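**Q** Once you have looked at the hints, place chain B on chain A.
Quick note, the sequences are listed as chains A and B, same order.
Its first residue numbered 1, the first sequence is counted upward by one per residue in the UniProt record's numbering.
Its first residue numbered 1, the second sequence is counted upward by one per residue in the UniProt record's numbering.
By construction, these hints were calculated from the structure, which means they are not laboratory data.
Owing to the predicted nature of the structure, the values given are computational and were not obtained by experimental measurement.
No false leads were mixed into what you were given.
Have a look at the derived ranges for each label pair, beta carbon to beta carbon:
{"hint": "1", "chain 1": "A", "residue 1": "LEU54", "chain 2": "B", "residue 2": "THR107", "range": "26 to 36 Å"}
{"hint": "2", "chain 1": "B", "residue 1": "ALA134", "chain 2": "A", "residue 2": "PRO91", "range": "47 to 57 Å"}
{"hint": "3", "chain 1": "B", "residue 1": "GLY181", "chain 2": "A", "residue 2": "GLY230", "range": "43 to 53 Å"}
{"hint": "4", "chain 1": "B", "residue 1": "ARG160", "chain 2": "A", "residue 2": "LEU54", "range": "29 to 39 Å"}
{"hint": "5", "chain 1": "B", "residue 1": "THR107", "chain 2": "A", "residue 2": "GLN188", "range": "38 to 48 Å"}
{"hint": "6", "chain 1": "A", "residue 1": "GLY230", "chain 2": "B", "residue 2": "LEU54", "range": "34 to 44 Å"}
{"hint": "7", "chain 1": "A", "residue 1": "THR185", "chain 2": "B", "residue 2": "GLY181", "range": "48 to 58 Å"}
{"hint": "8", "chain 1": "A", "residue 1": "ALA146", "chain 2": "B", "residue 2": "THR185", "range": "41 to 51 Å"}
Stretches of chain B that chain A covers, calculated by requiring three or more beta carbons in the stretch to come under 8 Å of a beta carbon on chain A:
{"hint": "9", "stretch": "38–52"}
{"hint": "10", "stretch": "63–76"}
Cut-off 25 Å, straight-line C-alpha distance, at most; resulting in silico cross-link-like pairs (BS3-like, lysine-lysine):
{"hint": "11", "chain 1": "A", "residue 1": "LYS49", "chain 2": "B", "residue 2": "LYS49"}
{"hint": "12", "chain 1": "B", "residue 1": "LYS57", "chain 2": "A", "residue 2": "LYS49"}
{"hint": "13", "chain 1": "A", "residue 1": "LYS57", "chain 2": "B", "residue 2": "LYS57"}
{"hint": "14", "chain 1": "B", "residue 1": "LYS49", "chain 2": "A", "residue 2": "LYS57"}
Built from N, CA and C at the ideal position, the CB exists for glycine as well.
2 protein chains.
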Amino acid sequence: MGVNPSAALGVSTEPNPRIPADHPGVTDLFAVLAYGEISAFYRLAEEAKLSPTLRGKVAVAKMAAAEMAHFDTLEQALSARGVDVFDAMAPFVRALDAYHDSTDPSTWLESMVKFYVGDGIAADFYTVLADALAPEVATVVRDVLAETSHSEFVIEEVRRAVAENRSERDRLTLWGRRLLGEAITQAQYVMAQRDELTELVLVATGDLTGIAALFERMQASHAERMRVLGLG
Amino acid sequence: MGVNPSAALGVSTEPNPRIPADHPGVTDLFAVLAYGEISAFYRLAEEAKLSPTLRGKVAVAKMAAAEMAHFDTLEQALSARGVDVFDAMAPFVRALDAYHDSTDPSTWLESMVKFYVGDGIAADFYTVLADALAPEVATVVRDVLAETSHSEFVIEEVRRAVAENRSERDRLTLWGRRLLGEAITQAQYVMAQRDELTELVLVATGDLTGIAALFERMQASHAERMRVLGLG
Numbered sequence: 001m002g003v004n005p006s007a008a009l010g011v012s013t014e015p016n017p018r019i020p021a022d023h024p025g026v027t028d029l030f031a032v033l034a035y036g037e038i039s040a041f042y043r044l045a046e047e048a049k050l051s052p053t054l055r056g057k058v059a060v061a062k063m064a065a066a067e068m069a070h071f072d073t074l075e076q077a078l079s080a081r082g083v084d085v086f087d088a089m090a091p092f093v094r095a096l097d098a099y100h101d102s103t104d105p106s107t108w109l110e111s112m113v114k115f116y117v118g119d120g121i122a123a124d125f126y127t128v129l130a131d132a133l134a135p136e137v138a139t140v141v142r143d144v145l146a147e148t149s150h151s152e153f154v155i156e157e158v159r160r161a162v163a164e165n166r167s168e169r170d171r172l173t174l175w176g177r178r179l180l181g182e183a184i185t186q187a188q189y190v191m192a193q194r195d196e197l198t199e200l201v202l203v204a205t206g207d208l209t210g211i212a213a214l215f216e217r218m219q220a221s222h223a224e225r226m227r228v229l230g231l232g
Numbered sequence: 001m002g003v004n005p006s007a008a009l010g011v012s013t014e015p016n017p018r019i020p021a022d023h024p025g026v027t028d029l030f031a032v033l034a035y036g037e038i039s040a041f042y043r044l045a046e047e048a049k050l051s052p053t054l055r056g057k058v059a060v061a062k063m064a065a066a067e068m069a070h071f072d073t074l075e076q077a078l079s080a081r082g083v084d085v086f087d088a089m090a091p092f093v094r095a096l097d098a099y100h101d102s103t104d105p106s107t108w109l110e111s112m113v114k115f116y117v118g119d120g121i122a123a124d125f126y127t128v129l130a131d132a133l134a135p136e137v138a139t140v141v142r143d144v145l146a147e148t149s150h151s152e153f154v155i156e157e158v159r160r161a162v163a164e165n166r167s168e169r170d171r172l173t174l175w176g177r178r179l180l181g182e183a184i185t186q187a188q189y190v191m192a193q194r195d196e197l198t199e200l201v202l203v204a205t206g207d208l209t210g211i212a213a214l215f216e217r218m219q220a221s222h223a224e225r226m227r228v229l230g231l232g
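Just chain A, same shape as in the assembly:
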């Protein structure tokens, strides 16, 4: 995953560790991120078929490989906690698969927008958590969310396509809106299922009002990303 630090959310980016490294929610956090990388890898590899050029396919293969490097980081971090990555990921398979199934791109441009926007939404959400984590675990989360050069490829690809095609722009704008809705739905579903993760989010955001405020800021940040892509 990559794209967008919490700075874009207009919230304080000063880390203020309030969650100890041994909080059980940290294992859940690493695990949901790990399954996110695996499912993103396979979705990207599948969607590369939509690319009109070998250049596009290679760019996507590089993005997918970067997801696996992040998976390795998370697998090691879980292993250091004495946790098997496959056991830990199991509770999150259904929700993440549901997100991908409900946002299956039908065109190359939809796939590109999903990569950029989806990564951005995830980074917004998880970076707020990272800011509340003990430094040794926050580092892991920030590493796997770090923006990569791949987003530049995506931005160029989408901007060029929509600059000269208004109906494509309108279509992709609606697509971006749907991505945000589905991502928030699934994030809420995950939290409702996992008490440890919910507690971690509550500590990071303050309270239920804090969570609502976070989701509002995520919407603002999403709108900004859509503008970067030449959409909305």
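**A** For chain B alone, coordinates are given in the frame of chain A:
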């Protein structure tokens, strides 16, 4: 790619550089290896669907990511020679796609055997070339052919499956034989098309008799790999 150094071929592994770094065949060699990595990446990602477990899918995703790391190495090596990787790969797309189309695995075990055996055949062939290359280009070739820990996963997966299933063993033995035949057919097709690469192979092997001897040794090395998998 990984698996099997030229030592297994019973030929001298003492490098004896006879081909200068600026030989035009070196660009072809890097390019065919680069397209080999890309096509292997997408085949692996596709075949991961055949995996009965998430553990298998993750193992395959790691193999695929390793292919992309090799692609990056080759892209940089070509770039250092002032060559665009996409232009350079174009002549090899048809032959490598034909190899993959003619050896499309229909089961998870066929996919695993193809990964191990196909990588081994390629490594046998290209390592002999590397031994004749100037050190600065030989290093690139050896880097991208280096054996990885992934082959251990494949060996275990196949050995376990065939130990208790004779008909599966017979079926995969035939499959391995077909892989070798198709790989040699396509290698000859590539050489017939690319004079620069043919010259490089001729210098590395000595003459046409040397090429024939190389293919014979590749068969012996292939038989050894099949034994390692518990086949043949």
